[in-house]
Amino acid sequence: MSDVPNELKYCSTHEWVSSVDDGVVTVGITDHAQDQLGDLVFVELPEIGQAFEAKAECAVVESVKAASDIYCPVSGEVTEVNEALMDSPELVNDDPYGDGWLFKVRLTDEAELDNLLDADGYHAAADA
Amino acid sequence: MPFIPHTEEDVREMLVAIGAPDIEALFDEIPANLRCGKLKQLPQAMSEMEVAGLMSVRANQDGQPVCFIGAGAYDHHIPAAVWQLASRGEFYTAYTPYQAEASQGTLQVLYEFQSMMAALTGMDVSNASLYDGATSLGEAVLMAVRANRKSKSRRILMPRSLHPAYRRVVQTMVESQGIELVELPFDPAGGHTDPATLAAFDGQDIAALVIPQPNYFGVLEEVDALTDWAHANKALAIAVVNPIALAVLSPPGEWGEQGADICCGEGQPLGAPLSSGGPYFGFMCCAQKLVRQMPGRIVGRTCDLDGKVGYTLTLQAREQHIRRSKATSNICTNQGLMATAATIHMALLGSEGLERVAAACYANTQSLVQKLTTIGGVEPLFNRPVFHEQALRLPISADGVLSQLSVMDVLGGLDLSRDYPELGDVILVCATEKRTETEMHDFQQKLQMILTC
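The listed protein sequences derive, respectively, from chains A and B.
Counting in the working numbering, the first sequence runs from 1 upward without gaps.
Counting in the working numbering, the second sequence runs from 1 upward without gaps.
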């Protein structure tokens with residue numbers, strides 16, 4: 001199975017969430033997700049300032065063979081998006097947990113992080 | 001490769017494979033009371049000879065009138081080579097290619113079509129065509145609402161100077177999607193949308209402004225001012241254009257400071273004959289940044305593993321067969337045959353030929369209007385410049401005049417009072433490059449006779 005860093009939290013829909021920094025988390029898609037999608041050609045990101053409920057559709061990643069919705073793992077407001085993906089969507093393939101991050105969210109409720117999977121939980125969910 | 005549908009033997013084998021006794025059995029789950037059964041109103045079948053006879057009787061009822069009607073469909077000359085080539089077996093399908101990459105020739109034609117439309121409109125990209133002009137505008141409106149992420153209002157400004165049928169079709173397509181169409185009045189003297197009237201919407205949340213060029217009355221709109229107003233108010237500018245007119249007018253890609261965002265229109269003037277309203281085709285082009293919101297099919301050019309040029313359907317992740325309910329549109333086809341004819345038509349004429357057609361249309365319409373307005377009581381309704389149509393006021397009932405003309409084998413224009421009752425007795429006339437001085441003189445004589453009787 002692909003790379004699943006222990007320090008991150010996960011959704012069964014293949015998003016990862018960083019630890020909280022001053023009320024804000026970073027969101028991306030997992031190594032497994034980018035591998036399944038294949039070469040990304042386009043990423044449609046949310047608008048800064050847009051608010052989402054947990055599990056709401058908030059972005060789209062498009063590969064040569066599919067376009068998939070990205071769900072916001074936690075409720076909150078978008079504070080930053082990865083502008084570099086506009087010209088270089090392949091960053092998501094090359095470095096899904098680093099330069100290929102998608103957007104940052106200011107959490108409405110930090111307790112929601114407890115609903116997410118840890119690395120072992122995601123392993124189990126992705127293998128199932 | 002055979003493009004013939006399943007033979008009886010294919011059907012038999014498929015039925016055996018799925019264990020169904022016959023095709024009828026596949027429809028078992030539809031309750032009997034919902035099924036229409038056999039069609040009862042169909043007349044007896046006729047032989048080819050009988051059908052040809054019947055059709056020639058019907059065609060003779062139409063006579064051979066001289067056409068001065070435009071209003072969205074235009075009587076242009078189509079070089080004989082256009083349909084001679086478009087009717088070749090290799091091209092002769094109404095549809096988008098399904099086993100697409102097996103049909104390299106078809107894809108190449110569509111790629112050429114897209115290249116020509118992008119050049120003509122001055123836009124970055126074109127799709128492989130849509131059903132017709134009116135539905136292409138409906139798709140453009142839906143696209144604008146998706147693409148304009150700065151706007152939350154789903155409000156579209158639609159000038160009343162836009163083709164009435166287009167306005168009705170767009171209304172039908174978008175009304176159940178929470179999109180509001182706001183009508184803009186036209187200037188009673190100019191027949192155009194005065195950019196000053198847009199001041200009423202300054203600072204409001206508008207998703208897009210529709211800009212027809214020329215408009216339904218043939219009048220040229222102030223496209224630069226309208227496009228700039230749209231962009232200043234964070235709205236997209238949707239151009240609705242006549243492709244022939246673009247040979248002499250500035251292309252939508254160059255309107256205002258930034259150019260229009262989406263451009264659509266009716267492709268019939270490019271090689272499709274007038275024929276009871278169709279088949280015609282729609283076209284749509286847009287700025288590169290909006291291409292992922294564009295509906296329809298897009299053909300791209302690429303290289304295969306051996307470095308040879310190949311054509312392929314591209315950006316398909318927007319489309320229904322991949323994106324399902326979240327596709328940009330339920331359009332997953334194009335008007336293949338009409339787009340093929342248009343491509344051949346444009347290739348035969350070239351940019352110089354298109355320009356000459358456009359210039360001749362303009363000159364003939366000027367000449368026609370000059371002749372008709374020598375008759376007492378006949379005068380232009382609007383004072384702004386036109387392309388190849390002009391609204392003319394008549395001293396008596398437009399409907400009556402037009403029926404008398406048609407008896408004399410002249411289709412003397414369209415009665416505008418049906419869609420614009422406030423205008424009174426007004427007809428819209430058009431003289432394409434096909435109309436001769438003799439025909440126009442004859443029209444004048446007959447109109448004069450009717451009006452002086």
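No lab work stands behind these hints: they were computed from the structure.
Treat the hints with care, as some may be off.
Below 30 Å or equal to it, Euclidean Cα-Cα: the simulated DSS-like pairs (lysine-lysine) are [to be verified]:
#, chain 1, residue 1, chain 2, residue 2
1, B, K40, B, K150
2, B, K150, B, K289
3, B, K326, B, K150
4, A, K104, B, K434
5, B, K234, B, K289
6, B, K150, A, K104
7, B, K446, B, K371
8, A, K65, B, K308
9, B, K446, B, K434
10, B, K446, A, K55
11, B, K289, A, K65
12, A, K65, A, K55
13, B, K326, B, K152
14, A, K104, B, K234
15, A, K104, A, K55
16, B, K289, B, K326
17, B, K308, A, K55
18, B, K152, A, K55
19, A, K55, B, K326
20, A, K65, B, K434
21, B, K152, B, K308
22, B, K371, B, K289
23, B, K234, B, K152
24, A, K65, A, K104
25, B, K446, A, K65
26, B, K234, B, K326
27, A, K104, B, K152
28, A, K104, B, K289
29, B, K289, B, K308
Here are some, though not all, of the chain A residues that point toward chain B, as calculated from beta-carbon distances under 10 Å [to be verified]:
#, residue
30, V41
31, E47
32, K55
33, S63
34, A66
35, L116
Positions of the beta carbon are idealized from the N, C-alpha and C atoms, including for glycine.
We went through each hint and held it up to the structure:
1. B:K40 to B:K150: Between K40 of chain B and K150 of chain B the Cα gap is close to 55 Å, so the pair fails against 30 Å, i.e. violated.
2. B:K150 to B:K289: 14 Å, holds
3. B:K326 to B:K150: Answer holds: K326 of chain B to K150 of chain B is near 20 Å, not above 30 Å.
4. A:K104 to B:K434: 63 Å, violated
5. B:K234 to B:K289: 15 Å, holds
6. B:K150 to A:K104: 20 Å, holds
7. B:K446 to B:K371: 12 Å, holds
8. A:K65 to B:K308: 22 Å, holds
9. B:K446 to B:K434: 19 Å, holds
10. B:K446 to A:K55: Distance of about 72 Å is beyond 30 Å: violated.
11. B:K289 to A:K65: 21 Å, holds
12. A:K65 to A:K55: The given pair, whose Cα atoms are some 24 Å apart, holds under the 30 Å limit.
13. B:K326 to B:K152: 19 Å, holds
14. A:K104 to B:K234: 26 Å, holds
15. A:K104 to A:K55: 15 Å, holds
16. B:K289 to B:K326: 19 Å, holds
17. B:K308 to A:K55: 45 Å, violated
18. B:K152 to A:K55: 22 Å, holds
19. A:K55 to B:K326: Within the cut-off at roughly 17 Å; holds.
20. A:K65 to B:K434: Distance ~49 Å between K65 of chain A and K434 of chain B Cα, so the pair is violated.
21. B:K152 to B:K308: At roughly 46 Å apart (the allowed maximum being 30 Å), K308 of chain B and K152 of chain B break the hint.
22. B:K371 to B:K289: It is violated: about 48 Å lies between the C-alpha atoms, which goes past 30 Å.
23. B:K234 to B:K152: Given pair K234 of chain B, K152 of chain B holds - Cα atoms ~11 Å apart, limit 30 Å.
24. A:K65 to A:K104: 27 Å, holds
25. B:K446 to A:K65: Not OK: K446 of chain B and K65 of chain A at ~64 Å, beyond 30 Å, violated.
26. B:K234 to B:K326: Roughly 25 Å separates the two Cα atoms, so the pair holds.
27. A:K104 to B:K152: 23 Å, holds
28. A:K104 to B:K289: With a Cα-Cα distance of about 24 Å, the restraint between K104 of chain A and K289 of chain B holds, given a limit of 30 Å.
29. B:K289 to B:K308: 29 Å, holds
30. V41: 8 Å, holds
31. E47: With Cβ-Cβ at 6 Å, under 10 Å, it holds.
32. K55: 16 Å, violated
33. S63: Result: holds, 7 Å to nearest chain B Cβ.
34. A66: 6 Å, holds
35. L116: Cβ of L116 of chain A sits 25 Å from chain B, so the hint is violated.
Checked against the numbered hints above, the structure violates hints 1, 4, 10, 17, 20, 21, 22, 25, 32, 35; every other hint is satisfied.
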